[in-house]
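Chemist: Here are the chains, one letter per residue:
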Amino acid sequence: MSAEHVVEVEGLITRFGTVEVHRGLSLRLRRGEILGVVGGSGTGKSVLMRTILGLKRPDAGRIVLFGEEVTDRPAGTRGLLEQRIGVLFQDGALFSSLTVLENVLVPIREFHPDLDDDLARCLARLKIAIAGLQEDAAGKYPSELSGGMRKRAGLARALALDPEVLFLDEPTAGLDPITAGAFDELVRTLAKALRLTVFLITHDLDTLYRVCDRVAVLGEGKVLIVGTLEEVEAHPNPWIQRYFLGPRGRAAARARMA
Amino acid sequence: MSHRSESPPPALLREGDRIALIGSWTLERAARIRAEIERMPRPSESPLRLSLERLERMDSAGAILLAELASRLGLDPRHPPLEGGDPALVHWLQHMLAACKPIAEAPRLPGRDPATWLLAHVGRATLAILRHARELLGFFGLTVITLLRVLVRPSRLRLTPIAHHIEQVGIDAVPLVGLLSFLVGAVIAFLGATVLKEFAAEVYTVELVSFSFLREFGVLLAAILLAGRTASAFTAQIGAMKSHEEIDAMRVLGLDPVELLVIPRLLALVLVLPMLAFLAALAGIVGGAIVAVMSLEMSPALFVVRFWDTLELRHVWVGLIKAPVFALIIAVIGCLQGFKVTGSAESVGERTTSSVVQAIFLVILFDALFAVFFMEIGM
Ligand SMILES: Nc1ncnc2c1ncn2[C@@H]1O[C@H](COP(=O)(O)OP(=O)(O)OP(=O)(O)O)[C@@H](O)[C@H]1O
Ligand SMILES: [Mg+2]
Numbered sequence: 001m002s003a004e005h006v007v008e009v010e011g012l013i014t015r016f017g018t019v020e021v022h023r024g025l026s027l028r029l030r031r032g033e034i035l036g037v038v039g040g041s042g043t044g045k046s047v048l049m050r051t052i053l054g055l056k057r058p059d060a061g062r063i064v065l066f067g068e069e070v071t072d073r074p075a076g077t078r079g080l081l082e083q084r085i086g087v088l089f090q091d092g093a094l095f096s097s098l099t100v101l102e103n104v105l106v107p108i109r110e111f112h113p114d115l116d117d118d119l120a121r122c123l124a125r126l127k128i129a130i131a132g133l134q135e136d137a138a139g140k141y142p143s144e145l146s147g148g149m150r151k152r153a154g155l156a157r158a159l160a161l162d163p164e165v166l167f168l169d170e171p172t173a174g175l176d177p178i179t180a181g182a183f184d185e186l187v188r189t190l191a192k193a194l195r196l197t198v199f200l201i202t203h204d205l206d207t208l209y210r211v212c213d214r215v216a217v218l219g220e221g222k223v224l225i226v227g228t229l230e231e232v233e234a235h236p237n238p239w240i241q242r243y244f245l246g247p248r249g250r251a252a253a254r255a256r257m258a
Numbered sequence: 259m260s261h262r263s264e265s266p267p268p269a270l271l272r273e274g275d276r277i278a279l280i281g282s283w284t285l286e287r288a289a290r291i292r293a294e295i296e297r298m299p300r301p302s303e304s305p306l307r308l309s310l311e312r313l314e315r316m317d318s319a320g321a322i323l324l325a326e327l328a329s330r331l332g333l334d335p336r337h338p339p340l341e342g343g344d345p346a347l348v349h350w351l352q353h354m355l356a357a358c359k360p361i362a363e364a365p366r367l368p369g370r371d372p373a374t375w376l377l378a379h380v381g382r383a384t385l386a387i388l389r390h391a392r393e394l395l396g397f398f399g400l401t402v403i404t405l406l407r408v409l410v411r412p413s414r415l416r417l418t419p420i421a422h423h424i425e426q427v428g429i430d431a432v433p434l435v436g437l438l439s440f441l442v443g444a445v446i447a448f449l450g451a452t453v454l455k456e457f458a459a460e461v462y463t464v465e466l467v468s469f470s471f472l473r474e475f476g477v478l479l480a481a482i483l484l485a486g487r488t489a490s491a492f493t494a495q496i497g498a499m500k501s502h503e504e505i506d507a508m509r510v511l512g513l514d515p516v517e518l519l520v521i522p523r524l525l526a527l528v529l530v531l532p533m534l535a536f537l538a539a540l541a542g543i544v545g546g547a548i549v550a551v552m553s554l555e556m557s558p559a560l561f562v563v564r565f566w567d568t569l570e571l572r573h574v575w576v577g578l579i580k581a582p583v584f585a586l587i588i589a590v591i592g593c594l595q596g597f598k599v600t601g602s603a604e605s606v607g608e609r610t611t612s613s614v615v616q617a618i619f620l621v622i623l624f625d626a627l628f629a630v631f632f633m634e635i636g637m
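These protein sequences, in sequence, are chains C and A. Residue numbers for the first sequence follow the working numbering, so the first one is 1 and each next one is one higher. Residue numbers for the second sequence follow the working numbering, so the first one is 259 and each next one is one higher.
Keep in mind that a hint or two might mislead.
To be verified - Computed from the model, here is a short list of chain A residues facing chain C with C-beta under 8 Å:
1) Leu-285
2) Ala-288
3) Asp-317
4) Ser-318
5) Ala-319
6) Ile-322
7) Ala-346
8) Trp-350
9) His-353
10) Met-354
11) Ala-357
12) Cys-358
13) Lys-359
14) Ala-603
15) Glu-604
Stated by the list, open to error - Pairs of lysine to aspartate or glutamate, DMTMM-like flavour, derived with a Cα cap of 20 Å:
16) Lys-192(C) <-> Asp-206(C)
17) Lys-598(A) <-> Asp-506(A)
18) Lys-192(C) <-> Glu-4(C)
19) Lys-359(A) <-> Glu-135(C)
20) Lys-455(A) <-> Glu-465(A)
21) Lys-56(C) <-> Glu-69(C)
22) Lys-359(A) <-> Asp-116(C)
23) Lys-598(A) <-> Glu-144(C)
24) Lys-56(C) <-> Glu-20(C)
25) Lys-140(C) <-> Asp-91(C)
26) Lys-222(C) <-> Glu-8(C)
27) Lys-222(C) <-> Asp-59(C)
28) Lys-140(C) <-> Glu-604(A)
29) Lys-222(C) <-> Glu-10(C)
30) Lys-359(A) <-> Glu-296(A)
31) Lys-598(A) <-> Glu-393(A)
32) Lys-192(C) <-> Asp-169(C)
33) Lys-359(A) <-> Asp-118(C)
34) Lys-192(C) <-> Glu-33(C)
35) Lys-140(C) <-> Glu-608(A)
36) Lys-56(C) <-> Glu-82(C)
37) Lys-598(A) <-> Asp-514(A)
38) Lys-56(C) <-> Asp-72(C)
39) Lys-359(A) <-> Glu-102(C)
40) Lys-192(C) <-> Asp-213(C)
It is worth saying that the hints were derived from the structure and are not from the lab. Even for Gly, the Cβ is constructed at its ideal location relative to N, Cα and C.
Looking at chain C on its own, in the form it has when it is part of the complex (with noise of 0.2 Å):
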């Protein structure tokens, strides 16, 4: 238990039904790391979050954030928690009846009721600039934005309230590759900038190379290996052999070293 870690998972049983996901999962994020989750399709990453969060309750095993034990309190009951964790869902998850600025007004509202009015917009303006928003995206409405503009809008609710950590499920799913670029970017740079610990899930090999410090695979219901990317393509596991050195990876590797 320590500020060294902000996130630990120990041991970390979860079922559905008779299905077990995961088999004593044991994992620990950093403070100040980007640390890149990846794995097949199917072996759990999002349940992983979903868990962490306190959206899924674990079967057995202990989730500790920043050195408090939260295993047995769901999400909503976790108080002070809650404002120090962002967390952007797969499709932004943005409320569909409220413009941008409202979406991201809405936790700074829940969690701060009495603070002016001028300077909550103004709080909320300057995360929706901050997460690469032109200013007149402030009120639209989710439905009139494209995907990339969903996970901006996304990235900008959950940066809010400031969080010290961020969990983002493929943020770069559906988009084009120059857009995920940019957004890997954005990412990263905010990360630094804002000293933010990210727990990021993803398929896509570049934002593996270009934004995380240290990558976690999973499999088997386990974390495989937890390292940088060069202990992690070491590994003699056949799927980390295929997916790091088949022709995406060598080529994701390669325009790194560029």
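Keeping the supplied structure of chain C fixed, place chain A with the ligands upon it in accordance with the hints.
Modeler: Frame of chain C; chain A with the ligands shown alone:
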């Protein structure tokens, strides 16, 4: 920025040409910081610098307030002259300030004069009604053309969905329509009996119930119930498909959504509503008969005899001829509103509401027009 334990209150301290930011400048303390900023004197001649030496913590609200302070002091809010402070914090702060807009600049809604507002509102509402009417007529035309095309080549008629909708729209609605008409029939008979007794003309209760149900209430009750129950269902079904881009998928596959989605619903409703209207009329008359027999001491046989004596076939026709028209209104409005759903889930709700409101409104409007028309031609 990292730990959120208790920290000293925020403050501002003037030291010669420096202004020191003290304590933690965070969202929770925003009100206090603003008060401090208000108390700072306006810019002096000597250039000022902002010292971060004694700043404990700062979050993005703090950064906004720092920009506010800078502009109050006549400094550039985006690049104020900073001094001291943790390099990481300064780096972060510069990032924030670059994206920051002054608080006052946040656009506000222009103040509105109530009279102009009312006028503008009325104007907008009028235009909206005209636009809706145009859309409705356009969609009606499209539906009719598609229907004719399908009828010319009956092989294109899809029987399975029609049967499915007949079940959903018609058979499942039988208990509701029957029960409600029965109750309304009973109420009308009771009212009639009470009033007619004054004139010792209770026996006319029979005509009251049979005329009103055969001509008006049978079909009207059935249509209003289906406008609530079926128009909304059509809107929700088609709207959900629209928001999942299923309609677009149909179009690119070369399928005609009007033919596939509207025509089966329309035909099912046109087939079913006359039957439901007839059923509603029967149920209403039975309800009326039971009240008449119980409260008027009229024998059941007398009711039946008088009913047959006064019955004229034209009343039945006047009632039933309206049913397909109402069916058309309900189906066209329900489907059109479904197609008007846009991406969001809220829009499905909005469209469903307006489909029910419009369908009921038009059903009653057309019923009134029919009543005038039949009166004029003496039916
Ligand atoms: N609500 C649920 N009910 C039942 N099983 C579920 C549920 N959610 C997830 N699962 C199962 O848990 C397993 C892990 O799912 P998860 O969504 O975490 O995969 P993932 O690693 O995120 O995959 P992908 O990369 O495709 O997103 C899958 O086998 C899935 O079928
Ligand atoms: Mg997933």
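Chemist: Can the hint on Ala-346(A) be confirmed by a CB-to-CB distance to chain C that is less than 8 Å?
Modeler: Status holds, d = 7 Å.
Chemist: Assess, step by step, whether the Cα of Lys-56(C) is no farther than 20 Å from the Cα of Glu-82(C), and give holds or violated.
Modeler: holds, 15 Å
Chemist: Would the hint linking Lys-222(C) and Glu-8(C) be met if the CA-CA limit is 20 Å?
Modeler: Holds. Lys-222(C) to Glu-8(C) sits at ~14 Å (cutoff 20 Å).
Chemist: Does Lys-598(A) pair with Glu-144(C) here, judged by a C-alpha cut-off of 20 Å?
Modeler: Within the cut-off at roughly 15 Å; holds.
Chemist: For a C-alpha distance cap of 20 Å, please report whether Lys-359(A) and Glu-296(A) respect it.
Modeler: Holds: Lys-359(A) and Glu-296(A) sit about 18 Å apart, inside 20 Å.
Chemist: Decide if the proposed pair is consistent with the structure: Lys-56(C) and Glu-69(C), CA atoms, cutoff 20 Å inclusive.
Modeler: Between Lys-56(C) and Glu-69(C) the Cα gap is close to 15 Å, so the pair holds against 20 Å.
Chemist: Does the alpha-carbon distance linking Lys-192(C) and Glu-33(C) stay inside the 20 Å limit?
Modeler: holds, 9 Å
Chemist: Using 8 Å as the Cβ threshold, decide whether Ile-322(A) counts as touching chain C.
Modeler: holds, 5 Å
Chemist: Using 8 Å as the Cβ threshold, decide whether Glu-604(A) counts as touching chain C.
Modeler: Holds, about 4 Å.
Chemist: Using Cβ atoms only, decide whether Cys-358(A) comes closer than 8 Å to chain C, and label the hint accordingly.
Modeler: With a closest approach of 5 Å, the Cys-358(A) hint holds.
Chemist: Quick check on Ala-603(A) please, does its C-beta sit within 8 Å of some C-beta on chain C?
Modeler: With a closest approach of 6 Å, the Ala-603(A) hint holds.
Chemist: Quick one, are Lys-192(C) and Asp-213(C) close enough, alpha carbons at most 20 Å?
Modeler: holds, 11 Å
Of the numbered hints listed earlier, not one is contradicted by the structure.
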